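Peer 1: Which chain is which? The protein sequence lines are S and B, in order.
Throughout, the working numbering is defined as the position within the first sequence, counted from one, plus 214.
Throughout, the working numbering is defined as the position within the second sequence, counted from one, plus 6.
Think of the hints as simulated: they come from the structure by calculation, not from any bench.
The reader is advised that the hints may include incorrect statements.
No farther apart than 27 Å at their CA atoms in a straight line, the calculated lysine-lysine pairs in the DSS-like style are these [claimed, not checked]:
hint, chain 1, residue 1, chain 2, residue 2
1, S, 395, B, 332
2, S, 281, S, 244
3, B, 198, S, 537
All figures in this text were calculated on a predicted structure; none of them were measured in a lab.
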Amino acid sequence: MSEKALVITGLTKRYPGVVALDSVSLEVDKGEYFAVIGPSGSGKSTLLKCIAGLEHPDSGSVRIFGKKVDGLPPEERGVGLIFQEIYLFPHMSARGNVVYAALARGVERAEDVAREALSALSVEVRMGSLPRELSLGEQQKVSLARALASGARLLLMDEPYGSMDPRTAAQLRYEVRRLAKSLGLTVVHVTHNQEEAMAIADRVAVMRRGRVEQVGPPLELYLRPKSIFVARFVGGENNFLEGEAVGCMGACTELDIGMCVVRAFGEVKSGRAVIAVRPEKLRFSNEGFLEGRVEVREFLGKVYKYSIRLKDGRTVIVKSRVKVEPGASVKLSFDPYDAVVFPYPPEGLEEAVRYE
Amino acid sequence: MRNVVGLQRMRGATLSVKGLKKRFGAIKALDGVTFDVESGEYFVVLGPVGSGRSTLLKCIAGLEHPDSGDVLFDGESVLELPPERRMVGYMPPGYALFPHMTVWENVAYGLWIRGFSRREVEERVEEALKLVGLLHRAGSYPYQLSGGQRQRVALARALASGARVLLLDEPLTALDAVLTLEVRREVRRLAKSLGLTVVHVTHNQEEAMAIADRVAVMRRGRVEQVGPPEEVYFNPVTPFEARFIADANLLPGRLVNVTDGYGLAEIEGLGRVKVFHKRLAEGSTVLVAVRPESIRVGSGRYRGRVLDLSHLGHTLRLWVEVGSVKLRVDTEPVLGLKPGSDVSIELDEPLPAFEYTGGEVEILE
Numbered sequence: 215m216s217e218k219a220l221v222i223t224g225l226t227k228r229y230p231g232v233v234a235l236d237s238v239s240l241e242v243d244k245g246e247y248f249a250v251i252g253p254s255g256s257g258k259s260t261l262l263k264c265i266a267g268l269e270h271p272d273s274g275s276v277r278i279f280g281k282k283v284d285g286l287p288p289e290e291r292g293v294g295l296i297f298q299e300i301y302l303f304p305h306m307s308a309r310g311n312v313v314y315a316a317l318a319r320g321v322e323r324a325e326d327v328a329r330e331a332l333s334a335l336s337v338e339v340r341m342g343s344l345p346r347e348l349s350l351g352e353q354q355k356v357s358l359a360r361a362l363a364s365g366a367r368l369l370l371m372d373e374p375y376g377s378m379d380p381r382t383a384a385q386l387r388y389e390v391r392r393l394a395k396s397l398g399l400t401v402v403h404v405t406h407n408q409e410e411a412m413a414i415a416d417r418v419a420v421m422r423r424g425r426v427e428q429v430g431p432p433l434e435l436y437l438r439p440k441s442i443f444v445a446r447f448v449g450g451e452n453n454f455l456e457g458e459a460v461g462c463m464g465a466c467t468e469l470d471i472g473m474c475v476v477r478a479f480g481e482v483k484s485g486r487a488v489i490a491v492r493p494e495k496l497r498f499s500n501e502g503f504l505e506g507r508v509e510v511r512e513f514l515g516k517v518y519k520y521s522i523r524l525k526d527g528r529t530v531i532v533k534s535r536v537k538v539e540p541g542a543s544v545k546l547s548f549d550p551y552d553a554v555v556f557p558y559p560p561e562g563l564e565e566a567v568r569y570e
Numbered sequence: 007m008r009n010v011v012g013l014q015r016m017r018g019a020t021l022s023v024k025g026l027k028k029r030f031g032a033i034k035a036l037d038g039v040t041f042d043v044e045s046g047e048y049f050v051v052l053g054p055v056g057s058g059r060s061t062l063l064k065c066i067a068g069l070e071h072p073d074s075g076d077v078l079f080d081g082e083s084v085l086e087l088p089p090e091r092r093m094v095g096y097m098p099p100g101y102a103l104f105p106h107m108t109v110w111e112n113v114a115y116g117l118w119i120r121g122f123s124r125r126e127v128e129e130r131v132e133e134a135l136k137l138v139g140l141l142h143r144a145g146s147y148p149y150q151l152s153g154g155q156r157q158r159v160a161l162a163r164a165l166a167s168g169a170r171v172l173l174l175d176e177p178l179t180a181l182d183a184v185l186t187l188e189v190r191r192e193v194r195r196l197a198k199s200l201g202l203t204v205v206h207v208t209h210n211q212e213e214a215m216a217i218a219d220r221v222a223v224m225r226r227g228r229v230e231q232v233g234p235p236e237e238v239y240f241n242p243v244t245p246f247e248a249r250f251i252a253d254a255n256l257l258p259g260r261l262v263n264v265t266d267g268y269g270l271a272e273i274e275g276l277g278r279v280k281v282f283h284k285r286l287a288e289g290s291t292v293l294v295a296v297r298p299e300s301i302r303v304g305s306g307r308y309r310g311r312v313l314d315l316s317h318l319g320h321t322l323r324l325w326v327e328v329g330s331v332k333l334r335v336d337t338e339p340v341l342g343l344k345p346g347s348d349v350s351i352e353l354d355e356p357l358p359a360f361e362y363t364g365g366e367v368e369i370l371e
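Chain S extracted, bound-state conformation (with noise of 0.2 Å):
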């Protein structure tokens, strides 16, 4: 059995007049890169702030490396912190801020692992350079190495790409993902930024209203959504088509959807149902059994986006590298196994979604 690096089991954490964590039970391997996505509100920093020690849980417990820290302060857990928020020593240069964490730590070669941390995130150069003469995303990176070098072996981050220029993010965080990996480091990294997250975590948990909605490698929280909101939330863009379910064919359900019977995957016996199909598996075809006439076309670069309107009036996104005119009929059509079927919310379909 591979050692776990945490293990946190039904969290619970009120406010007055709110729930921030409901009963919250995750696992997180060791080594593993876990990143915690959810709206703005749904619990994510809070679940963070209970790992690390700055908040304390009405119920539950936090298991890290199989020890139980409920109870102890942030600096006895042998975590690393992160946050948006830059937090270094003014008067230590970039190295003193690096080194002087391994130090306390008792870290061997303290000096050497300072360098190495630095020099992978390229802030070797301004090594010497007191906080206030860095750039914000330099002195982020400087945080990072400090965290990286420290010899905790649970890093905790909670948007630590936020104050950056995106572009420099977008590089920096496969960078930091590289050298934790190669420092066997445990992340957890919370972001409401789903495409950094996705980008680089091997588990992603999706969070809503303090309750974890579902975890799984970013792919499957893409492709095989378990429920209508991570559908809707992870992507940030999908196509939703209410039926009839009218039975099922090995793993997919059938469905008429008024216009035509489709199949998708998944199981739903009988009633109403909806799926959703992602707007790139939507393809153009001249035996498509989806048929509409293109509204409008975007150009996105690496594909054209388009907004179709279907014979019964729905309207449905796809996404081509195909080029169509604006005002062309067109059929579409989607492999069964790029859709995704679930019984019809009870709680109708614009709730079952809503994040804001």
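With chain S fixed as given, assemble chain B onto it according to the hints.
Peer 2: Quick look at chain B alone, frame taken from chain S:
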């Protein structure tokens, strides 16, 4: 008597930027920037941080004074006019709303300090808030609004000034993925319905492509290319552009078998590929640009191995090693690929080739 002009009846000014130069110490922030924007056009300036884009916007807004060159609205120089008399709406990055002021006060503030009459202020604020659909939230404070709503307040503030030119510096970075898509469409629609001229600065290629009538690509204080999105994307004029806009792989090679505008490039570790170029000579050293999404995965003449993968929204980014060449490849998200997977790939030829004058290939910013 001063004529109160309704916001809806404003017409966007034409904008001409001529040979704009601006130095900060040793840094040439603007190194001779020239372009024209039509009345009502949605013009996007795309470039990395430090390319001079923000300085450009500030020079147009009147917040910076260029060392030389000129800025003209409707054919008349505005260089000697202070910002408040240029009739521009300027939205800085982060759009900093005053947290202790209501939505109404935030929008009205700029008009108050410019001495508009109480009636004028009321009319303009009301109209601007109506335009962005937030009149019903006039009494709310920024923290009570969603990210998208705050964005619209900032936009209303820029609009209320009766701007003829709207200058937006990274207006969408503070928003999450879903809101970004909604807001960018809305900003464009609003600008178009008011006939405003917009200059919108961004680092985000997709955002630029999606909303621009035309795009100017900036690098190191210069404009590399101006054109409609598809032209800029598919026919970049420099390797930097190919890399910056489309994240293209740039593969060094040597031009062999040249015919008029076409030819073959010998790429070390990969072999010969068909290319097109701007009349380069046989034997030239070139950079061949391969856009990640133009590489087909599944079948093809190249065998490769997946080194790593990363999920990027509607695409799956693969790093594939083919021979001694590492390629960034974008395909649609699929289950089943993992580091170590063997894949076959095909290139979409002919590929653009650029003259290569040496230097680091990947770091072009």
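Peer 1: Are the hints correct? Go through all of them and say.
Peer 2: Right, here's what the structure says about each hint:
1. Taking the CA atoms of residue 395 (chain S) and residue 332 (chain B), the gap is about 21 Å. The hint holds against a cut of 27 Å.
2. Between residue 281 (chain S) and residue 244 (chain S) the CA atoms are separated by roughly 14 Å; this keeps the pair inside 27 Å, and the hint holds.
3. As the CA atoms of residue 198 (chain B) and residue 537 (chain S) are separated by approximately 24 Å, the hinted pair is consistent with the 27 Å bound.
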